Amino acid sequence: MAHDHKLEIFRGLLKFKSNTQKIWGVLVFLSIVTSVEVALGIMKPAALTHSHLLGMKLLNWIFIVLTLVKAYYIAWDFMHLRDEKTSLRRVIVWTPVFLICYLIFILLFEADYIYNVYKDGFVTWNF
1 MAHDHKLEIF RGLLKFKSNT QKIWGVLVFL SIVTSVEVAL GIMKPAALTH SHLLGMKLLN
61 WIFIVLTLVK AYYIAWDFMH LRDEKTSLRR VIVWTPVFLI CYLIFILLFE ADYIYNVYKD
121 GFVTWNF
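Each residue of the sequence shown is one higher than the last, beginning at 1 in the working numbering.
Treat the hints with caution; some may be incorrect.
[Said to hold, decoys possible] Computed cross-link-like contacts, DSS-like style, restricted to lysine-lysine with a CA-CA straight-line distance of at most 30 angstroms:
| hint | residue 1 | residue 2 |
| --- | --- | --- |
| 1 | K85 | K15 |
| 2 | K85 | K17 |
| 3 | K57 | K44 |
I should point out that these hints are in silico values taken from the structure, not numbers from a laboratory.
Here the structure is a predicted model, which means the values were calculated and not measured.
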């Protein structure tokens, strides 16, 4: 039994006539997100590099969020997650989201510890 592919993106906001048009539309969307990342990486606005959120520069948080948006959208469109049952989609999406949040949490706390060791200097034991 062959399935017809859904030819819309952004929950039906944009509709295409063929798979080729849809692939080009997705390519344009991913290219725009990547261009924003590259432009921010080149310009490095002072407002984003000097402000911190949870121990990390705001620019880095923007990079993480935009990368996750691209990864989610690639899985959603090209791995056909939108056509699967809700429970399978949740398992596939929420498990990595939880693990990435956990990894970010651990990296931030470990990086803060290492920063404080370098800032305050290494203290050896006096026997």
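Original post:
Which earlier hints turn out false for this structure, listed by number in ascending order?
Top reply: none
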